[in-house]
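Student: Residue-level listing of the chains:
Protein chains: 2
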Amino acid sequence: MQPVDIIIKNGTILTMAGQAGIMEDSSICIQGDTISYIGKNPDRPDSATKIIDAKGGLIMPGLINGHTHAAMSLFRGLADDLPLMTWLNKYIFPVEARMDADFVYTGTLLACAEMIMSGTTTFCDMYLFEDEVAEAAFRAGMRCLAGEVLYDFPSPSYGPLEKGFEYTENLIRKWRSNPLISIAVEPHSLFTCSPQLLIEANEMALKYKVPLIIHVAETLSEIAEVKEKYGRRPFEHLEALGILGPHLIADHCVHLDDMEIERIAGNNVKTIDNPESNMKLASGISPVSKLMEKGITVGLGTDGCASNNNLDLFTEMDTAAKLHKIETMDPTVLDSFTVLKMATIEGARALGLEDVTGSIEKGKKADIIIVDINKPHLTPMYNPYSHLVYSARGNDVSHSIINGRLVMENRQLLTLDVDDIISSARKKAMQVREWVG
Amino acid sequence: MQPVDIIIKNGTILTMAGQAGIMEDSSICIQGDTISYIGKNPDRPDSATKIIDAKGGLIMPGLINGHTHAAMSLFRGLADDLPLMTWLNKYIFPVEARMDADFVYTGTLLACAEMIMSGTTTFCDMYLFEDEVAEAAFRAGMRCLAGEVLYDFPSPSYGPLEKGFEYTENLIRKWRSNPLISIAVEPHSLFTCSPQLLIEANEMALKYKVPLIIHVAETLSEIAEVKEKYGRRPFEHLEALGILGPHLIADHCVHLDDMEIERIAGNNVKTIDNPESNMKLASGISPVSKLMEKGITVGLGTDGCASNNNLDLFTEMDTAAKLHKIETMDPTVLDSFTVLKMATIEGARALGLEDVTGSIEKGKKADIIIVDINKPHLTPMYNPYSHLVYSARGNDVSHSIINGRLVMENRQLLTLDVDDIISSARKKAMQVREWVG
Numbered sequence: 001m002q003p004v005d006i007i008i009k010n011g012t013i014l015t016m017a018g019q020a021g022i023m024e025d026s027s028i029c030i031q032g033d034t035i036s037y038i039g040k041n042p043d044r045p046d047s048a049t050k051i052i053d054a055k056g057g058l059i060m061p062g063l064i065n066g067h068t069h070a071a072m073s074l075f076r077g078l079a080d081d082l083p084l085m086t087w088l089n090k091y092i093f094p095v096e097a098r099m100d101a102d103f104v105y106t107g108t109l110l111a112c113a114e115m116i117m118s119g120t121t122t123f124c125d126m127y128l129f130e131d132e133v134a135e136a137a138f139r140a141g142m143r144c145l146a147g148e149v150l151y152d153f154p155s156p157s158y159g160p161l162e163k164g165f166e167y168t169e170n171l172i173r174k175w176r177s178n179p180l181i182s183i184a185v186e187p188h189s190l191f192t193c194s195p196q197l198l199i200e201a202n203e204m205a206l207k208y209k210v211p212l213i214i215h216v217a218e219t220l221s222e223i224a225e226v227k228e229k230y231g232r233r234p235f236e237h238l239e240a241l242g243i244l245g246p247h248l249i250a251d252h253c254v255h256l257d258d259m260e261i262e263r264i265a266g267n268n269v270k271t272i273d274n275p276e277s278n279m280k281l282a283s284g285i286s287p288v289s290k291l292m293e294k295g296i297t298v299g300l301g302t303d304g305c306a307s308n309n310n311l312d313l314f315t316e317m318d319t320a321a322k323l324h325k326i327e328t329m330d331p332t333v334l335d336s337f338t339v340l341k342m343a344t345i346e347g348a349r350a351l352g353l354e355d356v357t358g359s360i361e362k363g364k365k366a367d368i369i370i371v372d373i374n375k376p377h378l379t380p381m382y383n384p385y386s387h388l389v390y391s392a393r394g395n396d397v398s399h400s401i402i403n404g405r406l407v408m409e410n411r412q413l414l415t416l417d418v419d420d421i422i423s424s425a426r427k428k429a430m431q432v433r434e435w436v437g
Numbered sequence: 001m002q003p004v005d006i007i008i009k010n011g012t013i014l015t016m017a018g019q020a021g022i023m024e025d026s027s028i029c030i031q032g033d034t035i036s037y038i039g040k041n042p043d044r045p046d047s048a049t050k051i052i053d054a055k056g057g058l059i060m061p062g063l064i065n066g067h068t069h070a071a072m073s074l075f076r077g078l079a080d081d082l083p084l085m086t087w088l089n090k091y092i093f094p095v096e097a098r099m100d101a102d103f104v105y106t107g108t109l110l111a112c113a114e115m116i117m118s119g120t121t122t123f124c125d126m127y128l129f130e131d132e133v134a135e136a137a138f139r140a141g142m143r144c145l146a147g148e149v150l151y152d153f154p155s156p157s158y159g160p161l162e163k164g165f166e167y168t169e170n171l172i173r174k175w176r177s178n179p180l181i182s183i184a185v186e187p188h189s190l191f192t193c194s195p196q197l198l199i200e201a202n203e204m205a206l207k208y209k210v211p212l213i214i215h216v217a218e219t220l221s222e223i224a225e226v227k228e229k230y231g232r233r234p235f236e237h238l239e240a241l242g243i244l245g246p247h248l249i250a251d252h253c254v255h256l257d258d259m260e261i262e263r264i265a266g267n268n269v270k271t272i273d274n275p276e277s278n279m280k281l282a283s284g285i286s287p288v289s290k291l292m293e294k295g296i297t298v299g300l301g302t303d304g305c306a307s308n309n310n311l312d313l314f315t316e317m318d319t320a321a322k323l324h325k326i327e328t329m330d331p332t333v334l335d336s337f338t339v340l341k342m343a344t345i346e347g348a349r350a351l352g353l354e355d356v357t358g359s360i361e362k363g364k365k366a367d368i369i370i371v372d373i374n375k376p377h378l379t380p381m382y383n384p385y386s387h388l389v390y391s392a393r394g395n396d397v398s399h400s401i402i403n404g405r406l407v408m409e410n411r412q413l414l415t416l417d418v419d420d421i422i423s424s425a426r427k428k429a430m431q432v433r434e435w436v437g
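Line by line, the protein sequences are chains A and B. For the first sequence, the residue numbers in the numbering used here are 1 to 437. For the second sequence, the residue numbers in the numbering used here are 1 to 437.
Bound conformation, chain A alone (with noise of 0.2 angstroms):
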């Protein structure tokens, strides 16, 4: 019998497998990077290489960022309460013209200290030199969806869109093996890409097997513009395309007709909501009830932090569960379970890895963190799903395990020197004073 490498003990876990499975007072045991025991009786409990005691506290698979920009962080209260042209022409677009690798890099790290300190374990991440948002998740020792942004401009990383289909059948090959980092198809947007570009994308996609990723119907002006250009709505040009399949994920879907959710439905499209950001940039809500009504997938995003401002899922999870009940006017609907399988389980579907993450099951690897619910804000429990959505916030996390590798412990990242990046930020953040004058 192999060694238990980390025995977490002492907590109640919440295994987000299946309808709600709470275990009192349980353990999990993981041998390398995979969880080989649940329950009450490990086997040799005090063999273990590392010991953590969750000290009553909550054991719940680590949280899935569905969409982000993770480098955006560098751009955190840049530029708010604009209008979304004044935001993007004024302040997002002249800096991300001048940007580069070691900026997207020292960015995409910042981003990941805060992703592991507020409980997530892997994102999916599109924008520019996405190679060093890879080795910068790795160097963290996050788990990450990567995939370079494609549109019919030239790119300050990778210059002119055939060298976009290079630089991303490169990620593919570079990382293929890696047991942490996977790679996807990117184009940016049905108003930024061409047909054709999104057929390109979508039969490379095809060929290596990896996800199709894309921003829809996020805007009302989107969808006025791609209606005037193709004379329909959004996931009826997708689907015009030939590429409605379920290797596509379709980010914020805000704006959709019955006939789009069809559709979705009908192709098994995966769907990610980013209520904070919509909200933010006053794009609006999407109708996430209803896509749940019909069976489709949804995870959950926290968007870049221009438009959020942070990557708190737990934040963001509240927001969900509470904009959501006043858009359909109904207290019932996403209810606090439901909202935490987006963030697990649901998001991990969404990602294609619900055989890797997403819930804590025998065989799954080990990406699992732990709440520290000895707090006032915490207190009293009656409900610990009502808690993780409503009351506990990122910095309730008090330890965080990916792929089997304990990255943080009583809210000490192990993979990262939080004091070095802060600074490396706070040196480009002059950088970018400079270029937005």
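Quick caveat, the hints were computed from the structure, so don't treat them as lab data. This structure is a prediction, so every number in the text was calculated from the model and none was measured. Any given hint might turn out to be false.
Identical chains share a label here; the pair holds if one copy fits it or two copies do between them.
Okay, derived cross-link-like pairs now, DSBU-like style, lysine-lysine, Cα gap no bigger than 30 angstroms in a straight line [claimed, not checked]:
1) K163 <-> K207
2) K50 <-> K375
3) K362 <-> K227
4) K427 <-> K55
5) K362 <-> K90
6) K55 <-> K375
7) K427 <-> K375
8) K364 <-> K229
9) K40 <-> K427
10) K90 <-> K375
Position chain B relative to chain A; hints supplied.
Tutor: For chain B alone, coordinates are given in the frame of chain A:
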């Protein structure tokens, strides 16, 4: 010259007085309960009894929770995601019917611990057994505007209504010259209080020159009920009873027509927005940007923990800023400075405490918090207001001073024993479980 008791140095001061006042590398001196100096060159800085190093953090007025039911912290997560009437009839009412003074005292201490630890220094409370609320707040060292809830039914606290008026009068007399506690007259709502009750309550408020506080226009069913009973909308009804005025604090104000908004503005009625509770109970969205356009004072509240489920005003600010952008589909409304004012100086104005607290000004009482910004999720910092609203969390607050007294230092509560409070709250929760079966 009097000696300085506390000096806070090495931080960026956000005064929240008048237009944006940001003072970098500045210090604050406190003598007794009062701010005696703000600036770069305090006199004899080392002579202070206590020197607090803000370590480059943000020094700002303590936050003001404009509307809560503190003791409902003991119902946190007891019942969520339910239709309003199930929630009230099956859970909240049966438990409240069995509550006693000790229950409310314990719940309020728990809430005070949570509030101080998340940066709140003043709260406005409406509940039963309010003398215990006042006692708990005083023990915690918090500033509190308290009022016993009055309605047509017998109360578990004081019994029949006439005793409620007596109870309130006794509160006013008992706490009249207390430096932290003040008292309001608090009829519950238009659908639980007869016109006669409302008129008497108003007379008492005017007689003692204290605020009159009431839930108004929270739900559509309330509007319908008031219309059916009295043939008028809520603010028309209040006007007909002669009780609109600058001493009236109207909590919620979700469903208002333009005529009512004119009445609120014309009579200088104060309002408190409770965005998270209004979302969670699917009550609706208060037209806050419209109220502000008319010059109406709008404070911010969390409402009770049973419908939120936390007392963190930082995340409440975040939600307020985002929710009202979605309500208006305009990303420029409720910018971060405006929202921070709701939780500080405007909140103080709403409660009639603007000469005492809500901003950092020489001569005002010292209600001051320090926010630690040396964290990944608060890096980099281009705009402190943005960070406080969109990125910070309650547990980023490191220090709290209320009325010149240091009540939290490096996240250690100095006025309350947190372990004791958690343990007492857990015992009360066991009772609650029995009560709801």
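Student: Now look at each hint and say whether the structure bears it out.
Tutor: Hints, verified against the model:
no.: 1; hint: K163 <-> K207; in the structure: within (18 angstroms within a copy, 78 angstroms between copies)
no.: 2; hint: K50 <-> K375; in the structure: both (25 angstroms within a copy, 28 angstroms between copies)
no.: 3; hint: K362 <-> K227; in the structure: neither (48 angstroms within a copy, 59 angstroms between copies)
no.: 4; hint: K427 <-> K55; in the structure: between (39 angstroms within a copy, 19 angstroms between copies)
no.: 5; hint: K362 <-> K90; in the structure: neither (50 angstroms within a copy, 39 angstroms between copies)
no.: 6; hint: K55 <-> K375; in the structure: both (12 angstroms within a copy, 25 angstroms between copies)
no.: 7; hint: K427 <-> K375; in the structure: between (35 angstroms within a copy, 15 angstroms between copies)
no.: 8; hint: K364 <-> K229; in the structure: neither (46 angstroms within a copy, 60 angstroms between copies)
no.: 9; hint: K40 <-> K427; in the structure: between (49 angstroms within a copy, 26 angstroms between copies)
no.: 10; hint: K90 <-> K375; in the structure: between (43 angstroms within a copy, 28 angstroms between copies)
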